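Chemist: Listed below, chain by chain, are the residues.
2 protein chains.
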Amino acid sequence: MKFFDDITIGAVTEFGSHTFTAEAIKRFASSYDPQRFHLDEAAAAASLFGALTASGWHTTAVMMKLIAAAGGPLPAGAIGGTQCASLGPSPGFDDLRWLRPVFAGDTLTYRATVTDKRKSRSRPDWGVVSSRFEAHNAAGEKVLDVTGHDLVERRTSGRAGLQSAGLNEDL
Amino acid sequence: MKFFDDITIGAVTEFGSHTFTAEAIKRFASSYDPQRFHLDEAAAAASLFGALTASGWHTTAVMMKLIAAAGGPLPAGAIGGTQCASLGPSPGFDDLRWLRPVFAGDTLTYRATVTDKRKSRSRPDWGVVSSRFEAHNAAGEKVLDVTGHDLVERRTSGRAGLQSAGLNEDL
Numbered sequence: 007m008k009f010f011d012d013i014t015i016g017a018v019t020e021f022g023s024h025t026f027t028a029e030a031i032k033r034f035a036s037s038y039d040p041q042r043f044h045l046d047e048a049a050a051a052a053s054l055f056g057a058l059t060a061s062g063w064h065t066t067a068v069m070m071k072l073i074a075a076a077g078g079p080l081p082a083g084a085i086g087g088t089q090c091a092s093l094g095p096s097p098g099f100d101d102l103r104w105l106r107p108v109f110a111g112d113t114l115t116y117r118a119t120v121t122d123k124r125k126s127r128s129r130p131d132w133g134v135v136s137s138r139f140e141a142h143n144a145a146g147e148k149v150l151d152v153t154g155h156d157l158v159e160r161r162t163s164g165r166a167g168l169q170s171a172g173l174n175e176d177l
Numbered sequence: 007m008k009f010f011d012d013i014t015i016g017a018v019t020e021f022g023s024h025t026f027t028a029e030a031i032k033r034f035a036s037s038y039d040p041q042r043f044h045l046d047e048a049a050a051a052a053s054l055f056g057a058l059t060a061s062g063w064h065t066t067a068v069m070m071k072l073i074a075a076a077g078g079p080l081p082a083g084a085i086g087g088t089q090c091a092s093l094g095p096s097p098g099f100d101d102l103r104w105l106r107p108v109f110a111g112d113t114l115t116y117r118a119t120v121t122d123k124r125k126s127r128s129r130p131d132w133g134v135v136s137s138r139f140e141a142h143n144a145a146g147e148k149v150l151d152v153t154g155h156d157l158v159e160r161r162t163s164g165r166a167g168l169q170s171a172g173l174n175e176d177l
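Order-wise, the sequence lines are chains A and B.
Residue 7 is where the first sequence starts when you use the numbering used here, and the numbers rise one by one after that.
Residue 7 is where the second sequence starts when you use the numbering used here, and the numbers rise one by one after that.
Keep in mind that the hints were calculated from the coordinates and are not lab data.
Some hints here could point you the wrong way.
[What the hints assert, rightly or not] Here are the simulated DSSO-like pairs of lysine-lysine, each with C-alpha atoms no more than 30 Å apart in a straight line:
| hint | chain 1 | residue 1 | chain 2 | residue 2 |
| --- | --- | --- | --- | --- |
| 1 | B | Lys8 | B | Lys148 |
| 2 | A | Lys123 | A | Lys32 |
| 3 | B | Lys8 | B | Lys123 |
| 4 | B | Lys8 | B | Lys125 |
| 5 | B | Lys8 | A | Lys8 |
| 6 | B | Lys123 | B | Lys32 |
| 7 | B | Lys8 | B | Lys32 |
| 8 | A | Lys148 | B | Lys148 |
| 9 | A | Lys125 | B | Lys148 |
| 10 | B | Lys148 | A | Lys123 |
| 11 | A | Lys32 | B | Lys32 |
| 12 | B | Lys123 | A | Lys8 |
| 13 | A | Lys8 | A | Lys148 |
| 14 | A | Lys125 | A | Lys32 |
| 15 | A | Lys8 | A | Lys125 |
| 16 | B | Lys123 | A | Lys148 |
| 17 | A | Lys148 | A | Lys123 |
Keep in mind it's a predicted model, so treat the numbers as computed, not measured.
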C-alpha cells in the first residue's frame with residue numbers, strides 16, 4: 007500500500023478477476039442474503055432474473071477481498087527496504103449501484119480509479135483517499151459502480167490510533 | 007412483504023438484533039475482508055482500533071440477512087388468505103457510513119425507516135422504495151447508517167420480469 011503522500015489522483019489499480027460459481031453464490035446467500043433468486047436455480051428461474059444470480063453484497067464482499075489482497079498482505083513497516091503504509095479502515099461508501107445481475111459462472115474484473123485525496127481534518131497522521139470502484143463482466147458490461155473512501159497513512163505518520171469514535175468526521 | 011401501494015413513508019421496521027462473535031468476525035474476514043484488525047486479536051490490538059473489529063461489510067451482510075428474514079421467507083402469492091408482495095432486487099445504496107467500530111461481542115440492533123416511494127418509470131408493475139437503515143450498539147451509539155433502494159411489487163403487478171439490464175434506471 008502506498009502512503010497517502012504518494013497516491014496520485016487518476017491512478018488506476020487493477021484488482022484482477024473473480025468467477026462467481028453457483029456453489030459460492032448459494033453459500034454466500036444462505037449465510038447473508040437468503041432470497042430466492044440467490045439460493046436455488048429453479049426458484050431463480052421463476053423470479054425476476056430468470057436464473058441464479060449473486061447477491062449484490064457478494065459482489066462487494068469479493069471486491070473487498072481483492073482490495074485487501076492488493077494492499078493487505080504486507081505488514082506496515084519496512085519490507086525489503088520499502089516502507090509500506092497501512093490501509094486504514096473505511097469510513098464509508100457512496101453511490102453504490104448494482105447495474106446488472108451477476109449470473110452463475112460470470113467472471114467480474116474489478117478496478118479502482120483514485121478520484122480525490124485530502125488530509126484528514128482531525129488526524130494529522132492520516133489522509134482520506136476516495137476511489138471509484140467498478141466491476142465489469144466478461145461481455146464488458148459494467149455491473150457494479152461505487153465510490154469508496156479509505157483512511158491511508160501519511161509518510162509523517164506516528165501510527166497514532168484512530169480511537170474508536172468518529173470514523174465519519176472526514177466525510 | 008407489503009405491496010408498494012401499502013407502504014407508508016415514515017414507517018419504521020425493526021429487524022432485531024445480532025451479536026458479532028469473535029469467531030464469526032474472523033470467519034467473514036478470512037473469506038471476504040482479510041485485514042489484520044478483522045482476523046487476529048493480537049494484530050488487532052496493535053492496530054488502529056486496539057481490538058478485534060467486524061468488517062464493515064460483515065455488518066451490512068448481517069443487515070441484508072435480517073432484511074431478507076423479515077421480508078423473504080414468504081413466497082409471493084396468497085399465504086393464509088393474505089397476498090404477499092415480492093421484494094425485488096436492490097438497484098443500490100447511498101451514503102453508507104460505518105460510524106464506529108463493531109467489536110467482538112457487540113450486539114447491533116437494526117431498523118429501517120421508509121424515506122421515499124415512487125412508481126418505477128420503466129416498469130409499471132413495480133415501485134422503488136427508499137429506506138434509511140441504521141444499526142445501533144448496546145450503548146445506543148449508531149454504528150451504521152445507509153440509505154437503500156428496493157424494487158417492490160405493486161398490487162397491479164403482472165409479475166413481469168425485470169429483464170437483465172437497467173436495474174439502475176430508476177435511481
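Chemist: Return the numbers of the hints above that this structure violates; sort them in rising order.
Modeler: 2, 5, 6, 7, 8, 12 and 14
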